[in-house]
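Student: Sequence:
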Amino acid sequence: MNKLSYQFTDKQFQIYQEIMKKDWFLCILYGAKRTGKTIFNNYMFLEEVLNVRERATKLGIRNPQYILAGYTLGTIQKNVLEELTNMYGLEFTFDKYNRFKLFGVTIVQTPHGNVKGLAAIRGMTAFGAYINEASLAHPSVFDEIKSRCSGEGARILSDTNPDNPEHWLLKDYIQNEDESIISYHFELDDNTFLSERYRKNIKATTPSGMMYDRNILGLWVSGDGLVYQDFDKKIHTMTQDELKQIPMKQYFAGVDWGYEHHGVIVVFGMGYDDRFYLIEEHAKQHVFIEDWVRIAHDIKARYGDIPFYCDSARSEHVAKFDEEGINAIFADKRIMRGVELVAHYYKNNRIRIVYDACPRFASEIYNYAWDTKKDLPIKEYDDVMDAMRYALLTFVETFEQRSVEDEIDLIQQLGI
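Once you know that position 401 of the sequence shown is 401 in this note's numbering, the rest is easy, because the numbers rise by one and skip nothing.
Keep in mind that the hints were calculated from the coordinates and are not lab data.
Model, not experiment: these values are computed from the prediction.
Even glycine gets a Cβ: it sits at the ideal position worked out from N, Cα and C.
Take the hints with a grain of salt, since some may be wrong.
Below, in silico cross-link-like pairs of lysine-lysine (DSS-like), each with a Cα-Cα straight-line distance of 30 Å or less [to be verified]: (1) LYS22 x LYS146; (2) LYS249 x LYS333; (3) LYS379 x LYS233; (4) LYS320 x LYS300; (5) LYS203 x LYS171; (6) LYS200 x LYS78; (7) LYS171 x LYS22; (8) LYS233 x LYS284; (9) LYS33 x LYS379; (10) LYS233 x LYS203; (11) LYS374 x LYS116; (12) LYS300 x LYS284; (13) LYS373 x LYS116; (14) LYS284 x LYS244; (15) LYS146 x LYS21; (16) LYS146 x LYS33; (17) LYS244 x LYS234; (18) LYS101 x LYS116; (19) LYS21 x LYS101; (20) LYS320 x LYS333; (21) LYS101 x LYS78; (22) LYS58 x LYS33; (23) LYS320 x LYS249; (24) LYS116 x LYS234; (25) LYS203 x LYS33; (26) LYS284 x LYS333; (27) LYS333 x LYS78.
Using C-beta positions, here's what the derived DEER-type ranges look like [to be verified]: (28) ASN63 x GLU177: 32 to 38 Å; (29) GLY104 x GLY225: 50 to 56 Å; (30) PHE94 x TYR198: 32 to 38 Å; (31) THR125 x TYR366: 27 to 33 Å; (32) THR75 x PHE13: 23 to 29 Å.
With the hints as constraints, model all of the structure from the sequences given.
Tutor: Here it is in structure tokens:
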């Protein structure tokens, strides 16, 4: 590749002009999703590495090093390296430590999502760094990356989506007025390469409240009020008689174990209309695993050998299901990913509840609220909510072999 080229949005060009004039150490691009933060930083990463090679040559340094950090090595590959291959045809050859050469500079990759990422960079001198998804970084790894960037003229690029308003990245860096730190805020409408129709669909299909404020407006806000603000009984519920008119192509179940609090098994049907139907719930307190086995066998007798996506907190119960011939599978329990997926289904009319068959659901949906201090749902009125989340998230990410991001992207592109 002999020449770098990149077409900027107006927002990106404004930022490019400013960062080329200013003397800075840390540059943070933050804000809404799909606004061009990462793709801009990917381009800047190449420019920075070229500049590192030039500075190192003047200093007589044969093998300068540069840090490339992301939540995992997999996300670095997906968000940065594959995009550079697609844009510029660059190919990367890795050594046994996952390092690679670029323009005569050794690029040291490190996962910043946990403290194990420290091992790859301790003791090194770096001439710069690029930190993708910075708000997901473990603070000690972020600090270590900063301290390693001691080579002459070293600078750090970073980008992130918003998190809660007490997040260390916001309070310690973005809101820091030190002249060595510069930051830029992005909203969805800043990405003028997205069509007006696409932006309109994304806005219309993003759940209300915190998710809209973060994903569209790029704001650092915490959850407030009910988690599923777009649930509407008039829209999202149906009767048993109405359910009989819906042809189903598949069934699956979600399981949240309990004893003092309610244990729950929910059963979903996926219609040929691609909607998900919560067709029954079994919510009980003070019952034992033998009772849940009996309930699961009854469900299996009526719907076939369907998957039961189970809470892994009671692995012995999952093992008992398996011993009894029940298709028990550990559920994907990532809270915010599951909540976001379910919220999108409410927002986009992709879910229906057989209300009379799900009394525990009815008591939880209007009480399932955000914990503003933890930026997560409060652990109350969450038994059916958790079982639903386990079922839908695991089904989408395993059976349909689509990530939550792919599923939401499809919803938004189609405007459904």
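Student: Each of the hints needs a verdict: does it hold here or not?
Tutor: We went through each hint and held it up to the structure:
1. Taking the CA atoms of LYS22 and LYS146, the gap is near 19 Å; set against the 30 Å cutoff, the hint holds.
2. A hinted pair counts as satisfied when its Cα atoms are at most 30 Å apart, and LYS249 with LYS333 qualifies at roughly 25 Å.
3. Using a Cα cut-off of 30 Å, the hinted pair LYS379 and LYS233 holds, with the two alpha carbons roughly 23 Å apart.
4. Proximity of LYS320 to LYS300 is assessed by CA-CA distance (about 15 Å); at most 30 Å being required, the pair is judged to hold.
5. As the CA atoms of LYS203 and LYS171 are separated by approximately 28 Å, the hinted pair is consistent with the 30 Å bound.
6. The suggested pairing of LYS200 with LYS78 holds, with an alpha-carbon distance near 26 Å, which does not exceed 30 Å.
7. Only pairs whose Cα atoms come within 30 Å are accepted, and LYS171 paired with LYS22 is accepted, the gap being roughly 22 Å.
8. Taking the CA atoms of LYS233 and LYS284, the gap is near 24 Å; set against the 30 Å cutoff, the hint holds.
9. Under the criterion of a C-alpha separation no larger than 30 Å, the hint pairing LYS33 with LYS379 is consistent with the structure, at around 28 Å.
10. Distance check on the hinted pair: LYS233 and LYS203 sit about 22 Å apart at the alpha-carbon level, within 30 Å; holds.
11. Using a Cα cut-off of 30 Å, the hinted pair LYS374 and LYS116 holds, with the two alpha carbons roughly 24 Å apart.
12. Distance hint between LYS300 and LYS284 is fulfilled; the C-alpha atoms sit about 19 Å from each other, no more than 30 Å.
13. Among the hinted pairs, LYS373 with LYS116 is consistent with the structure: their alpha-carbon atoms are about 27 Å apart, no more than 30 Å.
14. A hinted pair counts as satisfied when its Cα atoms are at most 30 Å apart, and LYS284 with LYS244 qualifies at roughly 26 Å.
15. The hinted pair formed by LYS146 and LYS21 meets the criterion: a straight-line CA distance of about 22 Å does not exceed 30 Å.
16. About 25 Å separates the Cα atoms of LYS146 and LYS33, which keeps this hinted pair within 30 Å; it holds.
17. Straight-line distance between C-alpha atoms of LYS244 and LYS234 comes to about 19 Å, which keeps the hinted pair within the 30 Å bound.
18. Proposed proximity of LYS101 and LYS116 is supported: the alpha carbons are some 23 Å apart, at most 30 Å.
19. Pair hint LYS21 plus LYS101 holds up; C-alpha atoms about 28 Å apart against a cutoff of 30 Å.
20. A C-alpha spacing of about 20 Å is found between LYS320 and LYS333, which places the hinted pair at or below 30 Å, so the restraint holds.
21. Distance hint between LYS101 and LYS78 is fulfilled; the C-alpha atoms sit about 18 Å from each other, no more than 30 Å.
22. A C-alpha spacing of about 39 Å is found between LYS58 and LYS33, which places the hinted pair above 30 Å, so the restraint is violated.
23. Proximity of LYS320 to LYS249 is assessed by CA-CA distance (about 28 Å); at most 30 Å being required, the pair is judged to hold.
24. Under the criterion of a C-alpha separation no larger than 30 Å, the hint pairing LYS116 with LYS234 is inconsistent with the structure, at around 49 Å.
25. A C-alpha spacing of about 11 Å is found between LYS203 and LYS33, which places the hinted pair at or below 30 Å, so the restraint holds.
26. Restraint check for LYS284 and LYS333: the C-alpha separation of about 21 Å stays at or below 30 Å, so the hint holds.
27. Among the hinted pairs, LYS333 with LYS78 is consistent with the structure: their alpha-carbon atoms are about 23 Å apart, no more than 30 Å.
28. For ASN63 and GLU177, the hinted distance range of 32 to 38 Å is satisfied, since their beta carbons lie about 37 Å from each other.
29. Take GLY104 and GLY225: their Cβ atoms lie about 54 Å apart, and the range 50 to 56 Å holds.
30. Checked against the given bound of 32 to 38 Å, the beta carbons of PHE94 and TYR198, roughly 35 Å apart, stay inside it.
31. At about 57 Å, the beta-carbon gap between THR125 and TYR366 misses the expected band of 27 to 33 Å.
32. Taking the beta carbon of each, THR75 and PHE13 are about 27 Å apart, inside 23 to 29 Å as hinted.
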